[in-house]
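*Asks:* Those sequence lines, one after another, are chains A and B.
Per our numbering, the very first residue in the first sequence carries number 1175; after that it's consecutive.
Per our numbering, the very first residue in the second sequence carries number 35; after that it's consecutive.
Simulated from the structure, these hints should not be mistaken for lab results.
C-beta: ideal position from N, C-alpha, C; glycine also.
A portion of the hints provided could be inaccurate.
So the derived label-pair ranges between C-beta atoms look like this [unchecked claim]:
| id | chain 1 | residue 1 | chain 2 | residue 2 | range |
| --- | --- | --- | --- | --- | --- |
| 1 | B | Asp764 | A | His1192 | 33 to 39 Å |
| 2 | A | His1294 | B | Ala730 | 55 to 61 Å |
| 3 | A | Ser1468 | B | Ile504 | 33 to 39 Å |
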Amino acid sequence: MKLSARVNRKYVRPSLIHAALLLGSLIFLIPFAWLVVTSLKEDEDMSRFPPVWVPRQQTMITLRGREVGLATALYRGQRRRVAVIEERETGEQVLEIVEAGPDKGRVFTLPRSEVTKIRHIAPVWKNYPDTLKFLPPETNSGLVFVFNTVILAVLSIIGTVLASSMVAFSFSRLRWPGRDGLFVVLLATMMLPGAVTMMPVFLIFRWLGWIDTLLPLWVPAFFGSAFNVFLLRQFFLTIPNDLEDAAKIDGCGYFSIYHRIMLPLVKPALAAITIMTFMGAWNNFMGPLIYTSSPLKLPLAYALQLFQTAHGGEPALLMAASTMMMLPVLIVFFFTQRYFIQGVTLTGLKG
Amino acid sequence: MVALALPGCRSQTSTTPQTELVVWGLQYGEESEGLRARVETFERRNNIKVSVLSMGAGQMNPQKLMTAIVGRVPPDVIHQDRFTIGDWASRDAFEPLDDLLAADADSPDAIKRENFYEACWAEAVYEGKVYAIPSSTDDRALYYNRTLFREAGLDPDRPPRTWDELLDDSKRLTALNPDGSFRRIGFIPNYGNSWLYLYSWQNGGEFMTPDGRRCTLDNPYSVGALEFMVSVYDALGGVTKVDAFASGFQAQELDPFLTGKVAMKIDGNWVLQGIGRYRPDLDFGVAPAPVPKERLEQTLGRAKGRFTGQPPYITWSGGFSYAIPRGAAHRREAWEFIKWMCSPEAGLIEAEAQKRYNLSKGRPFIPGMSANIRVNEAVFAQYAPRVPKFRDSLKLFMDMMPASRFRPVTFVGQRLWDEHVRAFDQATHHRETRKSPKQALAEGAAVVQKELDKVYGREAFPLLNPRVPIGIAVVCGAALLGAAVWRVRGIRALGRVSRQEAWAGYLFAAPWLVGFVALTAGPIITSVFLSFCDYDVLHPPRFVGMHNYAELFSSDSYYLRTSLYNVAYLAVIGIPLGIATGLAIAMLLNAKVGGMSVYRTCFYLPSIVPVVASAVLWAWVLNGDPNRGLLNAAWKATLSVWFGWDPPGWFGAAEWAKPGLIIQGLWGAGGGMILWLAGLQGIPQHLYEAAELDGAGVWSKFRNVTIPMLSPYVFFNLIMGTIGALQEFDRVYVLSGQGAGASSVGPVDSLLVPVMYLFNSAFKYFKMGYASALAWVLFIIILLLTLVQLKIAPRWVHYEAEKK
C-alpha cells in the first residue's frame, strides 16, 4: 500500500503531468509550427491539402553552365528524368531528357501541369533575405523599425513599472480621503472605448507638437496604466500586514516600505507587467499608425502590414517576417521566465 | 571610392533643399516594381523626394487620414479608392482640383477629361467639382473553365449569356462528393466580385435617385436581381452549405477557379495576373457577364422595352484615384506628381519595370488597366501578352469599359454599400432570418434614407456655441478642484500618523492623478459633449440634444440589441472558459517536473504571434471546408465517424462564428497564464503542507487552498475579462479581412460587436457624435457590471490584508 503510493508519487503522477503538458504544447504549437513551416516553403506548396509539413525545393543541376530544375515527365509513354530548360509564357515548359540512354539530350515541350518536379527536403531559407530586401532601402533592412521598437519598449517598461507600482501601492496600502472613489474612476477610464477619445487626445498631442514623434507612444506610460495599477493592487492586497507593521516599528518611512518591502514581494507581478508591456510595445500597431507618418519613425508591427497586398500577397514573406519579429520576444521570454518563478521564493515570505 | 562619392556630395549641397512630397495610400511591394520606377523617375526629374506610406493592402486607414486632416498635418497626395471620394469630398476633406485643371488646360501634359473613361471620371466628381484624378481601374466579366465545360458536355465556345443559361450551366457543372458535400460548384453568385450591384444594374435597377436625395435600394429591379441571386444559392442547397465550401477560397494561389473547384465566376481583370502566375496552362475563357434574358431580347433582338437603346452587356468598374487633402503643404508639387502618375509615359515606364521584374521571377506579365484611355492604348500596343487567351481576355476587359457602371457618388456611399451587403446577407440566409429579398432591401433602404434625411436636414440644428462646452468644462473643473480642496482640508481633522499617510498616498498616486487630469479628463468630457451633437469631425458640431441616444434606442435598436447579444454570448461563455483554461495551464506549468521552461515557452507562444499573422493562421485552422481547414479535417476524421456530426462552418456559419472566436481566444490563454503562474507562486507552501497533514486530497487542496488564495486573481480576470469582452474589436476587425462571410461582421451580423459598430459609425460613416453616444451607453453598461462585481467581491474574494 505504502509502496504503491510512493511509486504513484514518484513515477505515475509526473508522467501524467508530462503527458498532459506534451499534449497541450502540441495543440498550442501546431498553428505556430505551420507559421514557421510556411515561412520556409516554396510558393506552390503554400496551398496544398493535406498541408506540406516539410519544406521542399526542386532539385537543381548544372546543365551547360546553367542552373536548371530537375523533373519527371512522360516522353513516348515513359516517365523520364528531365531538366526544365525554358519556361514559356503559354505555361508550357521546354524539357530536355537528362537520364542516360538513347534519348539523352532530346528536347520536347509539355504544359507545366504535366511535369512533375523532383524535389528534395530543403527549407527555402531564401525567403528570409527576400523579406528584408522587400523593405524600403532607407530602413536599413528593417533595422530602423527594430531600433524604434526597442526604444519604445524600453521606455514604456520603465514608465509603466515605476508609475503603476507607485500608484497601486497608494491605492492598496495607504489610506487617504477619496481613495475608493478615485479607484472607481481609475477603473472607469478603461471602460470608455478608445475610438471616441482618440480625436481629442490626438489634438492634445498636436498642441504639444508631438505628432510624428515617438513621444505620444511612451510618455503616457509614465502616468501609469489603469490595467497595471489594478493588477498590482490585487497583488499588494495579498501581502500580509505583519511585514508592513514590523517595518513601521523599525522606523521605515512610506518610501522605504514601498521600495524595500513591497516591491520585492511583488517581483513576479512586476515581471509579468514587464513582459506584457514589452509585448504591447512590440506589437503596438494602432498607436504608431495614428501618431507617426515618416517611414523612419515606424515600429516593427507596422512593417508586417507591408506584406499584405490588395490581391493576394506573399504568405511566405509575411510568415518569415512574423517569425523574425517573434524570435526576440521568444528569447526574452525563455530567459526571463525564471524571474516570476523564483521571485517569491527569494523573499522572506516562505514558511 | 572617395572620388566617386565626392561629386555626389557636391551636387547635393549646390541644389536647393529637396522638397519632400508626402504620399499616402501607395504601397511598394512585389506587385509594384512598376510603381517604384514611376515614382523614382518623378523624383529624379523634379528633384523632389517622395515619401510613400500605406496601410497595407493598398488601403489607407480612415482613422489615420481623418486625424491627420483634422489635426492639420495631412499628406500632400492621397491615393484613395474612388468609391469613397464622394464621402470625403462632401465633408470638405479634399480640395477641388478644377482650378488646377483649368490653369494648365493648354499645356501638353494637361489632364483632359476626354482621355478618361467616363465612368472613372464621373466617380470622382462630387456636386459638379472634380475632387480626384482617376488612376487605375478594373471591371468585371465572366471567367469560365473550358476544360470543365467540355467534361460536362457543354460547348466551350458558347459561354452562358443570360441568367437562365448561367443557372442551367451551373447545375450541369456542379459535382458532389459521395457524402453529399461539394466537389465542385458551377457558379456562386457572390463569389468573385459582382455583388448585388452588378446584377441590379444588369436588371435596370438604380440605387439612388439622380438628385441623390432618395435611396432606391428596394426598387423592383434590384429586388428581382437579389431574388435571382437567392435562387441560385437555394438551388445549390443554401448559402451556409455554399459558404462552408467557399470559406476555403482565399488568396490567389488558393483560387478555386484555378483548381477547378469553381467552374465559372464573375470577377475582375486582376484575376488574369493570378492565372498567369499560378496556372498559365489553364484553359479558360472570358465573356461578358450574363444578363437577364429580357435585356438581350430588347437590345440584340427585336423586342421593345425598358432596355432598348442600352448596351446589351454591362460591367462595373472601380479603382483608385489621386486626391489632394485639405491643408496639404505642397499643392503645386502634388499636382505635378498626380499629372505624372496619370501620364502615358509613366504608364510605359511602369509596364517596362514590372515586366522586367515578372520575367526575372518566371511569371508572365499581364498589364493592369488604367483609367486613362491613352495609357491603356500605349501599354497594350507594347506590352499586351502574346498568348492569345490572355491577350483576348484583356482586350475584352478594355472593350467593356465604355459600358461600365459605377457606384453612386454620394456622402452615404459607404453606408449604402454596407446596407446592400447586409441585405444580401439577410436575404440569402432566409432560413435563419425569415426575410424576403424585398424586406431585406426595404430595411436597408430605410437606414440609408434616414442618413440622407439627417444630412439634408442638419441645418435645422443650431451650431454648438463653443462657449457652452468651455463654460461647462470650467464649471466641472472648478467643481472637481473644489471637491479636491475640500477633501484635502478634511485631512487636517485626522491624527498626525493618518495625515502623513494621506499625504504619502496623494504623492504616490500623483503620476496617475496628473495623467488623468492632463490626458484623460478632457477627452472624456469632450466625448460627453459630442454625444449630444451631430458631428462629422470635419465640420463644426451641431447640437441635437438627445437625438443620438433616441436613435440608438429606437430606429437603430436592432444594431444595439444584436451587438449586445453577441458580446454577452462571448462574455458569458468565453470568460469562464478563458479563466478555467488559463488556470489549468498554469497549474500544469507550476508542477515540479523537468523541462518546464520549454513547456512554458510553448504555451506562451500563441500570445506573441502578431495579429496579422494570427488572422491568416486562424483562417486556415478554422476553415469551414473539411478538405482545407485543419480543425475540420480532424473533426471529420473523428467526431463525424464516431457520432456522425457534421463539421461546423465556423466563421462562415451564423451559429458557429462566435464559438470560433472563443476557440481562437482560448489559444491565446497562455498570455494570461503568466498572471496565474505569478499568483500560484505567491501561495505559501506551508498552507499546502498544513492541508496535507490534515489529510486533504488533491481536489480538497485545490478547493480549499488554491481557489481562495487565487480569488484576487479570479476577480481581476473577471473584471478585466468583462471590460475586454464588451470592448472586443481587434480580432473581429482583423477577421473581417479574412473571409468571415460576405459582410464585415460575420454572417447575419453574428460577429457584430458594439465597438465594431462604433468604429464603423465613427470612421466609415463619419458619425462621431452618434459613436460617442454609443460609447457612453457601453460605458454605463460596463460600469454597472463592474460596480456589481466590486460589490459582491468581498463575499468571495479573500485578501490577506486590506485596510478598510
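*Asks:* For every hint, state whether the structure bears it out.
*Replies:* Verification of the hints:
1. For the hinted restraint 33 to 39 Å between B:Asp764 and A:His1192, the CB-CB distance of approximately 35 Å keeps it satisfied.
2. Restraint check, A:His1294 to B:Ala730: a C-beta distance of roughly 59 Å satisfies the suggested window 55 to 61 Å.
3. Checking the proposed 33 to 39 Å range against A:Ser1468 and B:Ile504 shows it holds: the Cβ atoms sit about 34 Å from each other.
Hint compliance for this structure: every hint is met.
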